[in-house]
Amino acid sequence: MSETSETGETGDVLAVKAQFPGLSGNWHYLDTAATAQKPQAVIDATVDALGRDYATVHRGVYARSADMTLAFEAARRKVAAFLGGQEDEVVFTRGATEAINLVAQTWGVENLKAGDRILLSTLEHHSNIVPWQILRERTGVEIDVCPLTADGRIDLEAAERILTPAHKLMAFAHVSNVLGSVLHVEHAARLAHAVGAKLLIDGCQAAPRIALDMKAMQADFYVFSAHKLYGPTGIGALWARKEILDSMPPWQGGGAMIDRVAFEKTTYAPAPQRFEAGTPMIVEAVGLAAAIDWLQAYGLDRAEAHERNLAGKLREELGKRNDVTLFGPADSVGIVSFAMDGVHPHDLGTILDEEDVAIRAGHHCAQPLMEHLGVPATARASFGLYSDDSDIEALMKGIERTRRIFG
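Just so we're aligned: 314 in this note's numbering is position 313 of the sequence shown, and the numbers increase by one with no gaps anywhere.
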């Protein structure tokens with residue numbers, strides 16, 4: 002293979018792919034939007050943290066505990082720099098799902114009441130729908146849904162028409178996990194702030210492939226999961242503006258999130274520690290820091306260009322077939338969803354697996370979007386930094402075999 006990326010570096014992807022033990026052999030992994038494979042640098046950092054360097058953090062007086070505490074807090078600084086935020090604006094969570102639930106059950110409960118409104122969009126992941134529905138049951142807040150443009154983007158012109166002073170929160174995905182469409186976050190922030198609402202952004206699909214700057218984007222909350230960013234499972238982050246984070250009450254009680262405990266009264270640690278009850282994700286934080294180092298060494302601009310290029314090539318190939326329906330915009334980033342006439346996505350996925358091609362098939366935790374698209378499920382191919390033209394060739398070969406089987 003002589004892959005040439007938009008950066009003009011022939012063979013670059015081969016060098017990247019060689020760093021991923023999970024991609025040995027002739028396996029074509031096209032499910033990065035679900036979870037990314039891990040480079041050896043992240044595996045090594047995680048193994049060392051779990052073995053040679055392991056100790057608890059924050060309360061140990063011995064040297065190894067102090068060293069691990071330094072590594073853990075260095076990871077927080079790494080995440081803050083990655084997002085263009087401040088160290089005390091980053092809360093470690095189990096992932097984006099927990100981060101959104103944290104906002105809903107602290108800021109949401111404290112600030113939203115019956116008569117207030119939340120604006121979501123048609124393409125949201127269930128993790129950015131269900132927590133707000135739970136909040137609705139608890140507080141009586143109402144939920145509105147912003148429609149999509151014809152090519153599958155969140156319609157910000159429609160959002161502007163829908164928004165009123167009753168709206169206190171707008172919660173949108175930065176990049177759709179199904180359509181690959183990208184939100185203009187700065188525009189969304191201007192609309193939300195014009196009516197006095199806060200903006201929460203689900204950045205799970207954006208963080209691995211788009212350079213982020215919280216100051217420029219002007220969002221109020223931003224969440225992502227490490228495992229989609231070439232890091233370990235079980236950790237993610239909530240970024241929130243410091244003044245907002247400082248105003249939020251604790252969510253879970255226990256060790257580490259306290260100032261002083263007495264049976265008469267307990268006082269709490271300042272943010273972000275206030276939201277990190279119990280022994281934290283020590284090893285996972287070290288792994289996340291290593292993943293950020295690895296990704297930044299490659300370059301977010303290069304990552305976005307590479308994955309847009311591959312998504313464009315795949316859409317072009319699929320567009321040549323008269324038995325395939327494509328979803329999402331032509332300039333989708335790293336994610337391509339489609340349906341084959343007369344073939345359920347699960348059947349397609351099973352046959353492709355026999356060809357050593359791994360795609361996603363299903364509703365992708367976006368059932369309202371599936372209803373909007375008029376399909377029960379889609380097939381989804383999603384790219385990473387290790388993806389190349391050979392993955393597209395293998396996928397197209399598998400699709401052709403599937404057509405022959407189904408007639």
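Treat each hint with caution, since some may be false.
[As the list claims (entries may be wrong)] Pairs of lysine-lysine residues, derived as DSSO-like cross-links and limited to a Cα-Cα distance of at most 30 Å, are as follows:
id, residue 1, residue 2
1, K398, K314
2, K321, K398
3, K114, K243
4, K243, K216
5, K243, K266
6, K216, K114
7, K266, K114
Note that these hints are calculated values from the structure, not bench results.
Decide if the proposed pair is consistent with the structure: K266 and K114, CA atoms, cutoff 30 Å inclusive.
-> 27 Å, holds
Keeping to a limit of 30 Å between CA atoms, is the pair of K243 and K266 held or broken?
-> Answer holds: K243 to K266 is near 25 Å, not above 30 Å.
Does the alpha-carbon distance linking K398 and K314 stay inside the 30 Å limit?
-> 15 Å, holds
Holds or violated: K243 with K216, Cα cutoff 30 Å?
-> 12 Å, holds
Hint consistency between K114 and K243 [alpha-carbon to alpha-carbon, up to 30 Å] = Holds, at about 23 Å.
Taken at face value, is the distance from the CA of K114 to the CA of K216 at most 30 Å?
-> 29 Å, holds
When you check the alpha-carbon spacing of K321 and K398, does it fall within 30 Å?
-> Holds, because 14 Å separates the two Cα atoms, which is no more than 30 Å.
In terms of the numbered hints stated before, the structure departs from none.
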